[in-house]
Amino acid sequence: MENKDKLSRAGLLAPAAAIVLGCALVALLVSTFMLCSVMIQQFLPLILFAAFLLLAFFAVRMRWAKTHVWLFYTLCAVFAVACGFVIRAVF
Amino acid sequence: MESAPEQTGQLRPRFLHAVLAALLMSVVALLTWFLPSQRAQSIGLAILIATVALTLFCWLVFFLTRHAKSGVKTCLRILAALISLAMLLSVTVYTLAPTQLFYPRNDEESAATLAAYPNVEQLTIETGGRVVSGWMIHQAEGKAPLVLYFGGNGEIAANRILYLVESGDISAFAGCNFAFLDYPGYGLSSGSPGEASLKQMGLDVFDALSTRKDVDADRIVLFGFSMGTGVANYVAANRTAAGLVLFAPYADGYDLYNTMVPVFVGPLRALVAFKMESIRFAESVQVKPLIFSSIDDKMVPFASSERLANAYPAGCEFTRLQGLGHNDYWKSYGVLLHVSQYIAEVIDLGK
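Protein chains in written order, with the numbering used here: chain R, 18 to 108; chain E, 319 to 669.
Keep in mind the hints are simulated off the structure, nothing from the lab. Being a predicted model, the structure only gives us computed values, none of them experimental. Everything hinted at is true.
Straight-line alpha carbon distances no greater than 20 Å define the calculated SDA-like cross-link-like pairs of lysine to any residue that follow: (1) R:Lys83 - E:Leu334; (2) R:Lys83 - E:Val337; (3) E:Lys387 - R:Leu30; (4) E:Lys391 - R:Leu29; (5) E:Lys391 - R:Gly39; (6) E:Lys391 - R:Gly28; (7) R:Lys83 - E:Pro331; (8) E:Lys387 - R:Gly28; (9) E:Lys391 - R:Pro32; (10) R:Lys83 - R:Pro32.
Derived, one-sided and incomplete: chain R residues facing chain E with beta-carbon distance under 7 Å: (11) Leu45; (12) Phe66; (13) Cys93.
A virtual CB, placed ideally from N, CA and C, is assigned to each residue, including glycine.
Kindly generate the complete structure, drawing on both the sequences and the hints.
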């Protein structure tokens with residue numbers, strides 16, 4: 018029973034995070050539009066989202082990604098930080 | 319045939335996981351790009367804090383209503399999304415707009431050229447850990463009147479002073495010393511530009527210069543252009559100046575924001591970080607200012623200057639110009655002549 022409640026609490030974090038991260042992406046899109054003058058930089062949030070969505074769709078098919086969900090998201094975050102540094106170096 | 323419904327059932331959570339992972343990666347990558355950047359750091363930090371706080375808020379709302387009916391849950395999710403969007407956009411606008419108002423930079427070339435002029439002095443004022451740097455042109459011997467200039471958001475002291483010296487326009491201020499110190503973050507001045515730092519810098523500069531041996535503290539004329547008119551007004555309201563000259567002044571920061579995007583009305587005024595309410599400072603200004611505003615100025619609306627002009631208790635000398643763009647005030651011979659006459663009158667050069 019306790020385990021079920023724990024799972025329910027963790028399961029509710031995903032929709033909450035998805036909603037807020039979606040809004041954060043919109044906010045970042047507004048920021049890049051105002052701060053950058055190059056079109057590719059202005060649309061970078063959308064470009065990144067499309068690229069990462071494609072990547073993630075294939076990644077979630079892997080068995081370990083289903084069994085170790087937290088590890089999967091942690092690796093996603095680490096990969097994203099690395100991408101952020103690459104973007105910073107490029108622009 | 320039997321496996322089809324099972325595949326569809328697995329596809330949905332897999333797709334949702336992929337969307338969540340993609341959102342997480344996009345936001346983290348962009349924040350990693352934003353946070354070390356000097357210009358976007360405050361925006362990145364504000365979005366990061368708001369995202370964490372709103373995720374916790376949404377999770378708490380979902381958790382507390384986990385036993386509610388399906389319709390209620392859907393409504394709550396829509397409401398949570400709307401609140402999150404409104405909050406994140408508000409935070410973004412609040413931190414983003416000031417970056418569109420200021421353009422801090424340095425001009426080492428102009429500074430190096432200026433250093434060669436014998437009557438030009440580089441100034442460095444240190445107060446309370448803050449460093450304000452700028453330049454002063456000496457045009458008179460001994461204790462002389464001073465024109466203290468506060469420039470526009472794109473101006474830096476070395477550049478403007480060099481222009482005045484090379485063009486000969488400095489002769490409009492004959493008999494006076496002329497000083498222009500850079501805003502925080504501009505030139506060699508420390509800090510970052512913002513309403514509070516600009517106001518503080520204005521008072522620091524006035525106080526420091528008025529104690530100099532070569533400055534007659536009773537004959538300091540404040541001079542502001544565009545963004546600097548707010549600072550000049552603030553200093554004039556809090557210190558005793560001999561005169562006040564304003565090129566393209568604005569009544570308050572709301573007018574400047576609405577020139578960029580005309581949405582800052584009603585409750586949205588709370589999103590304006592740079593309020594700089596010159597119209598309120600004007601109520602405490604004792605001198606009668608000289609104001610120039612052009613109906614063809616696209617940056618500072620003429621109506622805003624006019625509104626400010628009506629707020630001075632001692633009245634003002636308001637000159638309505640035509641055909642001058644925002645950066646053309648300094649180029650107009652007629653305007654400079656008028657300024658010269660006003661300054662000569664308020665500091666009583668004959669004395």
